[in-house]
Amino acid sequence: YRQGLAFFEYGCQTNKEEALLLASKNFKIAVSLDSEIFDFWWAWGNVLFVLGNQKDEYHYFLEAKKKYKQAIGLSKNQSDDILAELYWDRGLIYTKIAENSGEAIDIKKAIEDFLKSMSFQKEAPAPFLNDLGSAYLKMGELINDNNIYLLAIDYFKLATKKSQKYVDAFSSIAHAYTQLYINTLDEDYFILANKHFEISLEINPLDATLWLDWAHLLGENGKLNRDSKKLRASIEKCIRAKRRDKKSNQIISQWVESLALLGAYTNRLDLIIEAENKIMKATDLYSDESDLWYSYGICMRSFAMYYDDIDYDFFAIEKFQIGLSLDRTNPELWTEIAATHFALGKDLEDIDKLERSIKFYIKAIDLKPACPSIIFDYAKTLTTLAQLTLSQNTLEEAIKQFEIALSLQKNAILSHPDWIFYYGCALDLLGDLFEKESHYLKAIEIFNNVLLVDPDFEKIHFRLALSFTHLLEVQPKTEYFEKANNCFQIATKQNIEDDAVWLEWALMLISYSFENIDGENQKKYYLEAEQKLIKAGQLGNQHTYYHLACLYSLCSKFEESINFLEKAKEIDMLPPIDEMLDDEWLDNLRAHDLFSQFLHEIEKKQNI
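Going by my numbering, the sequence shown opens with residue 74, and the numbers climb by one from there.
One or more of the hints may lead you astray.
Distance windows between CB atoms, simulated [said to hold, decoys possible]:
hint: 1; residue 1: PRO442; residue 2: GLU309; range: 48 to 58 Å
hint: 2; residue 1: ASN340; residue 2: LYS550; range: 40 to 50 Å
hint: 3; residue 1: TYR380; residue 2: GLN567; range: 21 to 31 Å
hint: 4; residue 1: LYS473; residue 2: LEU223; range: 22 to 32 Å
hint: 5; residue 1: LYS597; residue 2: ASN340; range: 45 to 55 Å
hint: 6; residue 1: ILE569; residue 2: SER511; range: 32 to 42 Å
hint: 7; residue 1: LYS678; residue 2: LYS597; range: 37 to 47 Å
hint: 8; residue 1: ASP423; residue 2: LYS597; range: 24 to 34 Å
What the hints contain is simulated information worked out from the structure, not anything from laboratory work. The C-beta atom is built at its ideal place from N, Cα and C for all residues, glycine as well.
Sequences and hints are given; from them, build the entire structure.
In structure tokens form, the structure reads like this:
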């Protein structure tokens, strides 16, 4: 046993593996001679723990755990100080085992041992509090529980009170607040994470990993908020990290991502090209690094944004797929490939692309549960799919996911009014499917909340106008008509050149007048609608021609009606013949010979 202790002490001082192995061998002999001695088992466990850390070999930790178990079984008469140290040691072993197994049960056992150790301590030292906080931080990362992160922070703060220059504790606080920020998108957590990275690097400015982690936080914030200032700060931190670690591919990965996005958001092609050059060199040298392929995909998506060219989205998907072939447990890769499929599906109205996007979002959420930004994007994708398929189940799932995302996001209405806006859009679509007044009223309530927070929110008055228009279709109340009219009027002031607003306003006036108003008032609203349709046409809306034809049919202006049908035909904006035959706004025209001749001409060309 004494020989073993001598080898153990020498091995720790000189970092020599041979001495540690000899120590382990001597402790094994000591145990074989007398297996009831507490010190033998504890010392054997300690040397195996050191070997595991030195050689980074998992089996040493498993063996050490067995030795500590034996020691604990023989620890009945040991002092509180010894028991505190023993359980602390085994807690560290379980922490190492959890790093390899990825199992929450192992980190739970580590926490239990740390708390047991704490019960034997009169005053816990800073390193112990840091180890306990680290165990909670690892638990938080495994199960993505914000309360666990907050608990970890409490212990790290206790450690910093005992040692004001304890860089490990300060950096761990920064990491915990970073996770809380990513989970909640609460800017307060971002500010706190930023502050603690700053403190950590004042203590240890040579730590490349800390500079990189700070760059990642700033890059994440810059990406989510399209904030060029944060992206520039992220790049600056990457440069500092690179000076201290010239071989790290993770630094290149973050640098490329922030640089490419900065180029996309500031319309700087040179920055995107610079990012592309960096990532091409990196992937040529290190093609088996999944993080590099993630950044390559982001670079391609940045080109897609700059050029407004979906071909680059397809290139991005190729890069993300390579990354996933290397690491299928990376939630960021799944999220980005999902987002790229969503962008394509929305632009092309491609149901298959949207369904694939949904599948990828589900995988990302499975790997990173309780992350509101991913859940929100998933809900938005479901809503877009429901618009194309008119699927009740898909839309109800979208609304459920919006509500989950909003429940996870503190002060969502203040920090992310766009989330509330899209939730309102989903409720409005639900009203279309069920033709229920209550769904539209709830959507209007949601849109009004957005309006209160941000009166200049893009298209908010237009969305309110559309919801009131939809309400009119199920409940033609004068109150709803007046509110729709008022919202359209404000929407045109918000953007006088939005052709869609003028078009929808005109259609609302025609529809309501046709169904509910007679005589001179009807003519008055038809005249208003005509002016608005002409305005929409002047702004380039090609749907205007057909709708003007319908309006002139209602007004019995048959030559004008046919004239605009001809114009719609010339630019290929006519609906199918069956729809024209069923359109009640064309009833007056259909009774006229001009319409029969018009249809005859169309059918003759189709037969040719």
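Task: Structure versus earlier hints, numbers of those that do not hold, lowest first - done: 1 and 8
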